[in-house]
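Q: In case you want the letters, here they are:
Protein chains: 2
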Amino acid sequence: MLSGSNRNDILSVEVPLGDRSYQIEIGPDQIDTFSQTVLSTMSDLTHVLVIADAAIQEPWANRLIHSLSTSLRDDATPLRVSSISVPSGETSKSISQLSELWQWMLDSSTDRRSVVIAVGGGVVGDLAGFAAASFTRGIRFVQVPTTLLAMVDSSVGGKTGINLPTSKNMIGAFWQPSLVVIDTDVLSTLPERAYLSGLAEVIKYGVIDDAEFFAWLEANASGLVARDDGTVRAAIAESCQSKARVVGEDERETSGRRAILNYGHTFAHAIEATVGYGQLLHGEAVSIGMQMAANMAVDLGICEPTLLPRQTELIQACGLPTTFPEANAEAMLPVMQRDKKVSHGKLRFILPERIGSVRLVGDIDPSSVVKAIESCR
Amino acid sequence: MLSGSNRNDILSVEVPLGDRSYQIEIGPDQIDTFSQTVLSTMSDLTHVLVIADAAIQEPWANRLIHSLSTSLRDDATPLRVSSISVPSGETSKSISQLSELWQWMLDSSTDRRSVVIAVGGGVVGDLAGFAAASFTRGIRFVQVPTTLLAMVDSSVGGKTGINLPTSKNMIGAFWQPSLVVIDTDVLSTLPERAYLSGLAEVIKYGVIDDAEFFAWLEANASGLVARDDGTVRAAIAESCQSKARVVGEDERETSGRRAILNYGHTFAHAIEATVGYGQLLHGEAVSIGMQMAANMAVDLGICEPTLLPRQTELIQACGLPTTFPEANAEAMLPVMQRDKKVSHGKLRFILPERIGSVRLVGDIDPSSVVKAIESCR
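The listed protein sequences correspond, in order, to chains G and W. Going by the UniProt record's numbering, the first sequence opens with residue 1, and the numbers climb by one from there. Going by the UniProt record's numbering, the second sequence opens with residue 1, and the numbers climb by one from there.
Keep in mind the hints are simulated off the structure, nothing from the lab. Nothing here was measured: the structure is a model prediction, and the numbers come from that model. Don't take each hint at face value.
[As the list claims (entries may be wrong)] Taking lysine to aspartate or glutamate and the DMTMM-like style, the derived pairs with C-alpha atoms no more than 25 Å apart in a straight line are: (1) G/K371 <-> G/E353; (2) W/K168 <-> G/D107; (3) W/K168 <-> G/E353; (4) W/K168 <-> G/E253; (5) G/K168 <-> W/E253; (6) W/K168 <-> W/D250; (7) W/K168 <-> W/E253; (8) G/K168 <-> W/D111.
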């Protein structure tokens, strides 16, 4: 386990991608010293574009902008700081919002050395990341995730993009950030339900990749739920470590390895699409989706018997749902068959074999899918 | 020199980019056998999306679609073919046209194994290439350039993108095609002025990279202008070879090497922007721009004395302009200072030292720029 012994320790995790490798810095008090971190990573920096979720503009984005605006570079010249906020929520991942950002970047005299700073949750990270990926065919960007979900998942790994009116994440790029700065102090202002939602992805890493971490989570669930500093920091660092390892092995989702990160997600996306985005938070849908996948694995006889009860107990200990009475198998099935990760219409799922190990199982019979969904109603 | 001894020889040029390497196939009669070429390169192909310039839908795009629709894969199943045409002209490189393509791709059940086929000039290649680069974070695409300009320049090297309302090529991606198929028969229907315009980029490769090729062009200018089969094919192949070499050394324009391809283009873009796109064809502006750059090099004393007269004579022999009376230095200068390749406002130009060799010269005084522009009025 990665852990810091002091309150102010910064944990560093590297995402190993050759000349696109980058660091994830995890710890408290990083917003106010943000400019130092960025300037030590990118010494040629002269212009930054801060794109922030409107909901965290005050205090976090403004404090970060203050840090950037008041700092001097090595040659004693100030950084030029442009900033904009985008409305909270999934609807900002749209063509029109992206077009606005592009025009704003042009009007801000952005050039190829400019750096985008994305401050917010997954929506802002995905949107600003794709704006960076596509402006003058790609400029650098830094992720400053402000939700637990974004800290442990979307800010790491280079998936950026927007939605089409009827289909999520259909447009985008694999575009790696140059740096991820996770200030754990930001979590203090995160609403309870949003915070707990992020724990679903943390649990996922234990199931798919790291049995030792899963056992640690079982022992530390109460500290996690209570947002104990050291516990939260260690959990984020371990999660990022898992994600970095998987992304390092399969950056562009070509070998199949990266697909393990979708554990529970095929079900979750179908739940979200059929009940309407917004009723459940993403992590809540993922919790239920992991339960459906584990039930399917049990049903298919490929899963070690203690897995399902241990997973159920940990999800519940983190205050997350394990069932969803409104789940509608008839509505969910066609959604899953349209998923962009589906290969030629065949249903494939990431299923657990034991804690710490999952595999891709193809050619799943629709009746098994229905049964798995109904097991969690 | 690459050349084929028979009328039907196909010349192959490789763009060396590691696991993103691809072939450029140059020769006659390739449209009707297109499906064989594509299937031999991509055996897993099941779905293609043909995006064609409306002006060449008949006959070229329709013949290519026919080839695809009537062919069977190894397992005797047909290819699924979706097709769409986009209006001719630069205005199609817009956010709205791109959005339409994205929605059409979604409606056509495009998945990550689908392949986009771009049939047209630079506009369609850039637009369709970026649609491919961004749909589900990137699917494969094939370039089938139908103008000489696209054959020797934009179809090779992976620059894709669209314009913002006030700024060209501001949005896009470096996204390499999987294959470039150049059917030289298509040139037979290209209008004279558009054909000659393409020769400007051919001449450029001689000046920037290959003195032997430049001498060959001097000896073969009349055959080129007359569209002699073997001469045209050899000139395209040599041009692609030069471009492939430069792109292979600096795929993403980071080392500065790729910038040599912009010889004459900083002036050309400023001419195009100030007189309005459409008055001059791109190759005509490039011809004038190369003359301005060569004049500047002479003026700065960095250029071997025979270069300017040889370049002038070859451009004229190809029916292209060497002067532009409407050139307005006062209007052009600010445009050049806003160019996205400008580094922090400093004026930099690719200038020739001798035939076959150019270099990047920075910190150019604006008075030298004005003098170069006025030398070609």
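Q: A separate judgement is required for each hint: does it hold in the structure or not?
A: Verification of the supplied hints:
1. G/K371 <-> G/E353: holds (18 Å)
2. W/K168 <-> G/D107: holds (14 Å)
3. W/K168 <-> G/E353: violated (53 Å)
4. W/K168 <-> G/E253: violated (32 Å)
5. G/K168 <-> W/E253: Not OK: G/K168 and W/E253 at ~32 Å, beyond 25 Å, violated.
6. W/K168 <-> W/D250: holds (22 Å)
7. W/K168 <-> W/E253: holds (17 Å)
8. G/K168 <-> W/D111: With Cα atoms ~14 Å apart, G/K168 and W/D111 stay inside 25 Å; holds.
In summary, the structure is inconsistent with hints 3, 4 and 5 from the numbered list given earlier, while agreeing with the others.
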